[in-house]
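In order, the protein sequences belong to chains A and B.
Counting in the working numbering, the first sequence runs from 53 upward without gaps.
Counting in the working numbering, the second sequence runs from 193 upward without gaps.
Since the hints were made in silico from the structure, they are not lab data.
Among the hints, a few may not be true.
Subject to a maximum C-alpha distance of 25 Å in a straight line, what follows is the list of computed SDA-like cross-link-like pairs (lysine to any residue) [claimed, not checked]:
(1) K198/B to V254/B
(2) K144/A to R163/A
(3) K271/B to G315/B
(4) K196/A to D316/B
(5) K276/B to R309/B
(6) K195/A to G321/B
(7) K103/A to E74/A
(8) K157/A to I217/B
(9) K144/A to Y119/A
(10) K196/A to K271/B
(11) K318/B to E130/A
(12) K289/B to L275/B
(13) K283/B to Y124/A
(14) K153/A to L275/B
(15) K129/A to S88/A
(16) K208/B to A190/A
(17) K255/B to V298/B
(18) K223/B to Q266/B
(19) K153/A to P213/B
(20) K195/A to K244/B
(21) K82/A to Y284/B
(22) K290/B to D260/B
(23) K188/A to K198/B
(24) K196/A to T201/B
(25) K196/A to R309/B
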Amino acid sequence: MGDKREKIDIVSPRETNILKFESMKDYIGKNVVSKSGEHIGSILDVLFTNKGVHGMIVSKGFFSKYYVDRTYFNTIKEKAMLSMDPILLLVKKVVFDSDGKRLGKVVRIKRKGKTNELEALVVKKRFYSKPIEIPKSAIDVMKKNIILNKKFE
Amino acid sequence: MDSKDKIITSDDILGKDAVDPDGQILGVVTKLHINKENKQLVGITIDEGFMKPNLFLGMNFVKNFGVDSVFLSQIPITKYVGLKVYDSNGKYIGTVKKVIPKRHKVLSIEITHNMKRYVVTSGDIKEIGVSVILKENYKMDEL
Numbered sequence: 053m054g055d056k057r058e059k060i061d062i063v064s065p066r067e068t069n070i071l072k073f074e075s076m077k078d079y080i081g082k083n084v085v086s087k088s089g090e091h092i093g094s095i096l097d098v099l100f101t102n103k104g105v106h107g108m109i110v111s112k113g114f115f116s117k118y119y120v121d122r123t124y125f126n127t128i129k130e131k132a133m134l135s136m137d138p139i140l141l142l143v144k145k146v147v148f149d150s151d152g153k154r155l156g157k158v159v160r161i162k163r164k165g166k167t168n169e170l171e172a173l174v175v176k177k178r179f180y181s182k183p184i185e186i187p188k189s190a191i192d193v194m195k196k197n198i199i200l201n202k203k204f205e
Numbered sequence: 193m194d195s196k197d198k199i200i201t202s203d204d205i206l207g208k209d210a211v212d213p214d215g216q217i218l219g220v221v222t223k224l225h226i227n228k229e230n231k232q233l234v235g236i237t238i239d240e241g242f243m244k245p246n247l248f249l250g251m252n253f254v255k256n257f258g259v260d261s262v263f264l265s266q267i268p269i270t271k272y273v274g275l276k277v278y279d280s281n282g283k284y285i286g287t288v289k290k291v292i293p294k295r296h297k298v299l300s301i302e303i304t305h306n307m308k309r310y311v312v313t314s315g316d317i318k319e320i321g322v323s324v325i326l327k328e329n330y331k332m333d334e335l
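Modelling step: build the complete structure from the supplied sequences, incorporating the hints.
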C-alpha cells in the first residue's frame, strides 16, 4: 500500500508524509481470527468518527454480520486477531451436562447488554422441545462445545 | 449409589460420543479393550470418521462414562496434527506435522512449510485451539 502512496501529491497545510497513515483498504476484507484461532469471518466495513476507528462490521457467510468493537482487536496485520472468543459463536454448539447427557444445542445467548459477557444460554434438544436456560455459573467448559458442572434432569 | 447402579454394560459405552476436555467430539466409541488375564478394561477405540485412523485411548484417558457420551480426561496430542500455525499477527507459519509430548502435555511441535521443517517449543505457543497461535517474539528452529 505504502509504495503506491509515495507517488501521490499531497495537498495539506499539516501533512508532508502520508505513509504513516493506515488505509481502510488495509482493513476491509481481512480475515478475522478469534483468540482460539477460529476463523470467524472477514471485515466488511470499518466504522469511525472524527476521533478514530470505533469498530468493524464482521461478516460470516451471507446472512451473519456483527459489529466488533476496536478494543477487542489485538492486531490487524496479515489477519485481524481478536483478544477474545465472541460468545455469539456459541450458538449451535452442543451442551453436555456433568453426567455426559446431551441436553441439546444452544439456540440463544443471553448476555450483559451488548458486551461479550455471558449471562445464560438457552438450549433446546429439538425444535419443538421446551427450552432450558443454563446460567453462566453452571458452565464448566465453553470451548469447542459446552460441558456443565452439574446434572440436569 | 447402589452397587448395581455402578455397573454398566458394553451397550452403554459403544456408539457413544467421545468428548475431550475442550468439549470437542472426537468420534464414536467402537471397541472396548479387555485384558483377558486380569479381565479388566484397558482402553477404548474411537472411530474419528471418514479417512481418519481409529484412535486407541487407554483407561487413563477416560474420565467417566456418561449417559450419552464418554468424557476424556486429557486431550490426545494426535488431535493437534494438521492444525494450521499462525504468528500473533495472523501470518501463516505452517502446519503441525508432529507433536513431541512430555507426560501427555505438549513439549514442542514440529511445523512444516514449503518442504522445510521447524520446531517450536510450548513456551512460544500462545494458544492451541482451532489453530495454533504463536507468541509475539517466538523462536523457531529449522530442523
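Consistency of the hints with the structure:
The suggested pairing of K198/B with V254/B holds, with an alpha-carbon distance near 16 Å, which does not exceed 25 Å. Only pairs whose Cα atoms come within 25 Å are accepted, and K144/A paired with R163/A is accepted, the gap being roughly 16 Å. At roughly 19 Å between alpha-carbon atoms, K271/B and G315/B fall within 25 Å of each other, so this suggested pair holds. For the hint linking K196/A to D316/B, the alpha-carbon distance of about 23 Å falls within 25 Å, and the restraint holds.
Under the criterion of a C-alpha separation no larger than 25 Å, the hint pairing K276/B with R309/B is consistent with the structure, at around 14 Å. Note on K195/A and G321/B: the hinted pairing holds, with a Cα-Cα distance of about 8 Å set against a maximum of 25 Å. A C-alpha spacing of about 14 Å is found between K103/A and E74/A, which places the hinted pair at or below 25 Å, so the restraint holds. At roughly 14 Å between alpha-carbon atoms, K157/A and I217/B fall within 25 Å of each other, so this suggested pair holds.
Proposed proximity of K144/A and Y119/A is supported: the alpha carbons are some 20 Å apart, at most 25 Å. A hinted pair counts as satisfied when its Cα atoms are at most 25 Å apart, and K196/A with K271/B qualifies at roughly 13 Å. Note on K318/B and E130/A: the hinted pairing holds, with a Cα-Cα distance of about 17 Å set against a maximum of 25 Å. Only pairs whose Cα atoms come within 25 Å are accepted, and K289/B paired with L275/B is accepted, the gap being roughly 8 Å.
With a C-alpha separation of about 19 Å, the suggested pairing of K283/B with Y124/A holds against the 25 Å cut-off. At most 25 Å may separate the alpha-carbon atoms for a hinted pair to count; K153/A and L275/B exceed this at roughly 29 Å. Taking the CA atoms of K129/A and S88/A, the gap is about 17 Å. The hint holds against a cut of 25 Å. A threshold of 25 Å between alpha carbons decides the hint, and for K208/B with A190/A the separation of about 23 Å falls inside it, so the pair holds.
The straight-line distance between the Cα atoms of K255/B and V298/B is roughly 20 Å, inside the 25 Å bound, and the hint therefore holds. Restraint check: the Cα-Cα separation between K223/B and Q266/B comes to about 19 Å, which is no more than 25 Å; the hinted pair holds. For the proposed pair K153/A and P213/B, the alpha carbon gap of about 15 Å is at most 25 Å, so the pair holds. For the suggested pair K195/A and K244/B, the alpha carbons sit about 23 Å apart, so the restraint of at most 25 Å is met.
Of the supplied pair hints, the one linking K82/A and Y284/B holds, its CA atoms being roughly 14 Å apart against a limit of 25 Å. Only pairs whose Cα atoms come within 25 Å are accepted, and K290/B paired with D260/B is rejected, the gap being roughly 32 Å. Restraint check: the Cα-Cα separation between K188/A and K198/B comes to about 30 Å, which exceeds 25 Å; the hinted pair is violated. Between the alpha carbons of K196/A and T201/B the distance comes to roughly 29 Å, so the proposed pair goes past 25 Å and is violated.
Straight-line distance between C-alpha atoms of K196/A and R309/B comes to about 29 Å, which puts the hinted pair past the 25 Å bound.
When held up to the earlier numbered hints, the structure conflicts with 14, 22, 23, 24 and 25 and fits the remainder.
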